[in-house]
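S.K.: Hints in hand, dock the two standalone chains.
Residues per chain, in single letters:
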Amino acid sequence: GDSVIQMQGQVTLSENDFLFINCTYSTTGYPTLFWYVQYSGEGPQLLLQVTTANNKGSSRGFEATYDKGTTSFHLQKTSVQEIDSAVYYCAMRDSGGSNAKLTFGKGTKLSVKS
Amino acid sequence: AQTIHQWPVAEIKAVGSPLSLGCTIKGKSSPNLYWYWQATGGTLQQLFYSITVGQVESVVQLNLSASRPKDDQFILSTEKLLLSHSGFYLCAWSRRDTGQLYFGEGSKLTVL
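Heads up: the protein sequence lines correspond to chains S and P, in order. Under my numbering, residues 148 to 261 are what the first sequence spells out, in order. Under my numbering, residues -18 to 93 are what the second sequence spells out, in order.
Isolated chain P, as found in the complex (with noise of 0.2 Å):
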């Protein structure tokens, strides 16, 4: 069975200050990974996603970059938080016969 894995559980950050979210899926050969993101009572935007490692495309610009160092993982950082970036952010991976999206557990970012 697949399995994915999301850390941290929950930051809280200064404004200005970097960020590294960190996501792992196990079970799963080459599988689509994607980034979302949903506003505390918000539905869920697409922010990255990646079909293969070392390719990531950006779906909205938010002052965050993406990347995919392995098969398996897939990071979401950026260099300067903005208030605006509090939130939950969550992983997926998709199953591409059928568009399926499964979802992590999430990290939960306050910046403050």
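Isolated chain S (complex conformation) (with noise of 0.2 Å):
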């Protein structure tokens, strides 16, 4: 079945620190891949969706790109800032059928230190 593996489980930065954080995933179909954050006591937001492999997503500084070759894609930011700080999903949707189930990754919590 699908799955989608994100490794890093928890990323402490200093402001202005780089962010990078990586998923596999695997699929036997055409998938749409997204990024989420979800900041305490909240539900996800949609940060970003990579449909399409090699080409960027970016929104509110950060971006997102897939590589088919290795079936893995990521999120980053050049610098980070503390109202950052939050829990990030990848998820994948395969691409057929009326039910949009996102298979998600575990989470990567983001602390960034002022």
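Any given hint might turn out to be false.
Now the stretches of chain P that chain S is said to cover, found in silico as 3 or more residues with beta-carbon under 8 Å [to be verified]:
1) 24 to 33
2) 79 to 88
Covered by chain P, according to a simulated footprint, are these stretches of chain S (three or more residues, beta-carbon under 8 Å) [what the hints assert, rightly or not]:
3) 190 to 198
4) 248 to 256
These are computed hints drawn from the structure, not numbers from a lab. Every residue, glycine too, gets a C-beta built ideally from N, C-alpha and C.
M.R.: Right, here's the structure in full:
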């Protein structure tokens, strides 16, 4: 079945540091890949969607790309701020069906210190 | 703009007691609706989805049920809570063209 692996459980950075979070995916279909951000006590918010390999998506200073060859996709930000502290989830949707079922990674908790 | 409202915000319930969580979406006609569950500190797992009134599909078996009595309403319930039901329950709707999911603020359930 479909799977998404997000290895980094926790990342601690200082303000203005570079952020890089990587996920790998496995599917037999044609995936659409997403990054969601969840602030404490809230529901996840869509941050980025990437549908075409090697194309970048960008939002709020974050960028995401995916590599079809290595079946990996990553999220990066050049200079993180304290307000970016949250849990970041990668997610994948397979191409078919009426169920927009997303398979989520385990999440990366980002703590940014000022 | 679409809004999604979940209720209650938080519940503390006893093992064996019933539960009902609700979700209403405004500003979107005939949405696909979903229930997700998140254990404390854990990832998100889809429980149910519905593409139309009266139709609900179960994705995992967790002794929970869901119903869609109106186009804009989705209900999650059980007759008897288990300790393992504790967690954060999230309702979501999706855009049919992109599959993007938009989540509500969630309902935190503690079962004692």
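S.K.: Count the residues of the stretch 79 to 88 of chain P whose Cβ falls closer than 8 Å to any Cβ of chain S, and tell me whether that reaches three.
M.R.: holds (count 9)
S.K.: Count the residues of the stretch 248 to 256 of chain S with a beta-carbon closer than 8 Å to any beta-carbon of chain P: does the count reach three?
M.R.: holds (count 6)
S.K.: Between the stretch 190 to 198 of chain S and chain P, are there enough contacts, at least three residues with CB-CB distance under 8 Å, for the coverage claim to hold?
M.R.: holds (count 5)
S.K.: Are there three or more residues in the stretch 24 to 33 of chain P whose C-beta lies closer than 8 Å to some C-beta of chain S?
M.R.: holds (count 6)
The structure is consistent with each of the numbered hints, conforming to all of them.
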